[in-house]
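With the hints as your guide, set chain B with the ligand onto chain A.
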Amino acid sequence: MTSGKAFVLGNDIDTDMLAPGQYMAAPIEVLASHCLETIAPEFAENVQPGDIIFAGENFGIGSSREQAAQALRHLGIVAIVARSFGGIFYRNAINLGLAVFETTSDLTIKSGEPVSLDTERAMITFTDRQETLQLDPLPGFLFDIVKSGGLVAQLEKRFGVTRRDTQP
Amino acid sequence: MAQSMNLAEKIISRASGRSVVTPGEIVVAKVDLAMIHDSGGPRRVEPILKRLGAKLFDPERVVLISDHFVPGSDPASREILELTRIWARERQIAFYDGEGICHVVLPERGHLKPGKFVVGGDSHSPTGGAFGAYMFGVGATEMAGVLATGEIWIKVPETILIEWNGALQPGVLAKDIMLALCANLGMGGGRYQAVQYSGSTISALSMQERMTLSNMAAELGAQAGLIEPDETTADYLRSVGAECPDWRQWRRDADARPAEHHVFEAAILEPQVAAPHSPANSAAISETDRPDIDVAYIGACTGAKYADLQNAAELLKGQTLAPNVELLIAPSSKRDQERARAAGLMKIFEDAGAKILPNACGICAGYGTARLGEDVTCISSTARNFKGRMGAASSKVYLASPYTVAASAITGRITDPRDIMSGMERP
Ligand code: SF4
Numbered sequence: 310m311t312s313g314k315a316f317v318l319g320n321d322i323d324t325d326m327l328a329p330g331q332y333m334a335a336p337i338e339v340l341a342s343h344c345l346e347t348i349a350p351e352f353a354e355n356v357q358p359g360d361i362i363f364a365g366e367n368f369g370i371g372s373s374r375e376q377a378a379q380a381l382r383h384l385g386i387v388a389i390v391a392r393s394f395g396g397i398f399y400r401n402a403i404n405l406g407l408a409v410f411e412t413t414s415d416l417t418i419k420s421g422e423p424v425s426l427d428t429e430r431a432m433i434t435f436t437d438r439q440e441t442l443q444l445d446p447l448p449g450f451l452f453d454i455v456k457s458g459g460l461v462a463q464l465e466k467r468f469g470v471t472r473r474d475t476q477p
Numbered sequence: 015m016a017q018s019m020n021l022a023e024k025i026i027s028r029a030s031g032r033s034v035v036t037p038g039e040i041v042v043a044k045v046d047l048a049m050i051h052d053s054g055g056p057r058r059v060e061p062i063l064k065r066l067g068a069k070l071f072d073p074e075r076v077v078l079i080s081d082h083f084v085p086g087s088d089p090a091s092r093e094i095l096e097l098t099r100i101w102a103r104e105r106q107i108a109f110y111d112g113e114g115i116c117h118v119v120l121p122e123r124g125h126l127k128p129g130k131f132v133v134g135g136d137s138h139s140p141t142g143g144a145f146g147a148y149m150f151g152v153g154a155t156e157m158a159g160v161l162a163t164g165e166i167w168i169k170v171p172e173t174i175l176i177e178w179n180g181a182l183q184p185g186v187l188a189k190d191i192m193l194a195l196c197a198n199l200g201m202g203g204g205r206y207q208a209v210q211y212s213g214s215t216i217s218a219l220s221m222q223e224r225m226t227l228s229n230m231a232a233e234l235g236a237q238a239g240l241i242e243p244d245e246t247t248a249d250y251l252r253s254v255g256a257e258c259p260d261w262r263q264w265r266r267d268a269d270a271r272p273a274e275h276h277v278f279e280a281a282i283l284e285p286q287v288a289a290p291h292s293p294a295n296s297a298a299i300s301e302t303d304r305p306d307i308d309v310a311y312i313g314a315c316t317g318a319k320y321a322d323l324q325n326a327a328e329l330l331k332g333q334t335l336a337p338n339v340e341l342l343i344a345p346s347s348k349r350d351q352e353r354a355r356a357a358g359l360m361k362i363f364e365d366a367g368a369k370i371l372p373n374a375c376g377i378c379a380g381y382g383t384a385r386l387g388e389d390v391t392c393i394s395s396t397a398r399n400f401k402g403r404m405g406a407a408s409s410k411v412y413l414a415s416p417y418t419v420a421a422s423a424i425t426g427r428i429t430d431p432r433d434i435m436s437g438m439e440r441p
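Listed in order, the protein sequences are those of chains A and B. In our numbering, each residue carries its 1-based index in the first sequence increased by 309. In our numbering, each residue carries its 1-based index in the second sequence increased by 14.
So that you can see chain A by itself, here it is in the shape it has in the complex (with noise of 0.2 angstroms):
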């Protein structure tokens, strides 16, 4: 169980506004610094472990470059809602241990209001108003990386290799 607040984004968020190709050289920490500054300037800056973001159509649609998923989860978002998302980012959010539910609801959320999440159970609960949001669940396969921390860590596994605590 986790908990955080709502982030509110609209459509079609790219990976270029994710990861802005001019930071793409720079660190990690850097690069997550400017995550969505062209639409949400304050974003980054906002943004604290256990926050989830709710967006609309083709979240992540872009190029295939895994920081616009690393910088999120780097900034501590754990999940994201979206109508659809764009493949790649998908893909690579699951593998980065990024939960990710796709949803044809229509959701009125506030932006900041506190939200707590139930990865496994897929359940959503917006504390202010007491009110849930059922998901449907990642499916087994996906499930399992999303749980081990991602695919590194399963890789780990399969490899041999004892787990340490920090991620890469």
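None of these hints come from the bench; they were simulated from the model. Glycine is no exception: its CB is placed at the ideal position from the N, C-alpha and C atoms. Hints are not guaranteed to be accurate.
Claimed, not checked - Straight-line distance between alpha carbons at most 30 angstroms, and here's what the computed DSSO-like set of lysine-lysine pairs gives:
1. B:Lys44 to A:Lys456
2. B:Lys69 to A:Lys456
3. B:Lys401 to A:Lys314
4. A:Lys466 to B:Lys64
5. A:Lys456 to B:Lys169
6. A:Lys466 to B:Lys69
7. A:Lys419 to B:Lys401
8. B:Lys64 to B:Lys169
9. A:Lys466 to B:Lys169
Claimed, not checked - Partial selection, computed: residues in chain B whose CB lies under 8 angstroms from chain A:
10. Ile94
11. Ala162
12. Gly202
Using the frame of chain A, we list chain B with the ligand on its own:
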């Protein structure tokens, strides 16, 4: 009787060692070839491989191409290139350094064959579909997994059949087909399934024009953009000195059902222009705004292959640029640039006043030194015009075919190439 399958299913069933696969099921497939570049490649996969203590699953099936940070115009880029070179030597893999953009270099060196199951560390990897290969893009962590294990999971895609029939009008190119499709189906229209292009229009296209279609399957949000191999494919492979064994089996069964089937008529297609900031903002040039431009860009894997240069040169021959317009040309590969030089195309560009940039990604994704400045209006033969991608967030990028970009460079405003061709429009 065997179950009828679409081309995507045939390739995936072969790669996953099954006699039949069905759309929607998740299978694990063996990768025939993995392509990586300097941006998503060594600098990002090596830390993971090291941590796993993993060797490459098969160094003969890995190809590395430097293109994103070429030519290394700042210290950070140079460091990435250096690391890329060291890694290529240590891991003993095929490496093309500064030879051009990955999606163009990979086939021109004969690495792509019909029926192959290929992953690329880049979102325009569907380009490989032009050769009848199932090729799709993945991020760096997933690529590290592929390099370590030679395997990847895939959800067997549905097939979206996109059929174009008839001849294109003069002045209309594959790029116009794609922009029209982006407007028609939307950037999510491909639903991360497999698009397959078919019909007489497609069969008549050259290999490099087909590559433009498959390349921009990415802008439709598809996982792959397949074209059935034919004599054109086989001729191309022979021309680059590659063998092309047994390509006839790689086609969809006549009675296989696509999930969607869209049919279009080529004869009524006009040149298209995509307004900022999405390829889906496309419309026929007769119905769009035609603002003045500051920069015309012929570049990227999408729009600066030999065929694209040839089309641009056809319009630019004997012309000069409009005052205050900068024409930047970054040929997709060294080989294509050499071919263009031999055919006199580079001379046409130089005489017109164009500036030639390195054979690399360059400003297509905001790399390098020629990035667009504040409030610049640009017309570009690239695939994406997302806000801020090619430079300042205030810059405006219109997407169009190489013909339309060249025509606009001549007049200084977005211009229908047919007006230049007919001599109606004079600079
Ligand atoms: S030229 Fe542009 S679209 Fe092509 S691989 Fe490079 S950055 Fe991507």
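Against the structure, the hints:
1. B:Lys44 to A:Lys456: holds, 25 angstroms
2. B:Lys69 to A:Lys456: holds, 26 angstroms
3. B:Lys401 to A:Lys314: At roughly 27 angstroms apart (the allowed maximum being 30 angstroms), Lys314 of chain A and Lys401 of chain B satisfy the hint.
4. A:Lys466 to B:Lys64: Measuring from Cα to Cα gives roughly 14 angstroms; hence the hint holds.
5. A:Lys456 to B:Lys169: OK: Lys456 of chain A and Lys169 of chain B at ~20 angstroms, within 30 angstroms.
6. A:Lys466 to B:Lys69: Distance ~16 angstroms between Lys466 of chain A and Lys69 of chain B Cα, so the pair holds.
7. A:Lys419 to B:Lys401: holds, 25 angstroms
8. B:Lys64 to B:Lys169: holds, 29 angstroms
9. A:Lys466 to B:Lys169: holds, 23 angstroms
10. Ile94: With a closest approach of 6 angstroms, the Ile94 of chain B hint holds.
11. Ala162: With a closest approach of 6 angstroms, the Ala162 of chain B hint holds.
12. Gly202: Holds - the Cβ of Gly202 of chain B comes within 8 angstroms of chain A, reaching about 5 angstroms at its closest.
The structure shown violates none of the earlier numbered hints.
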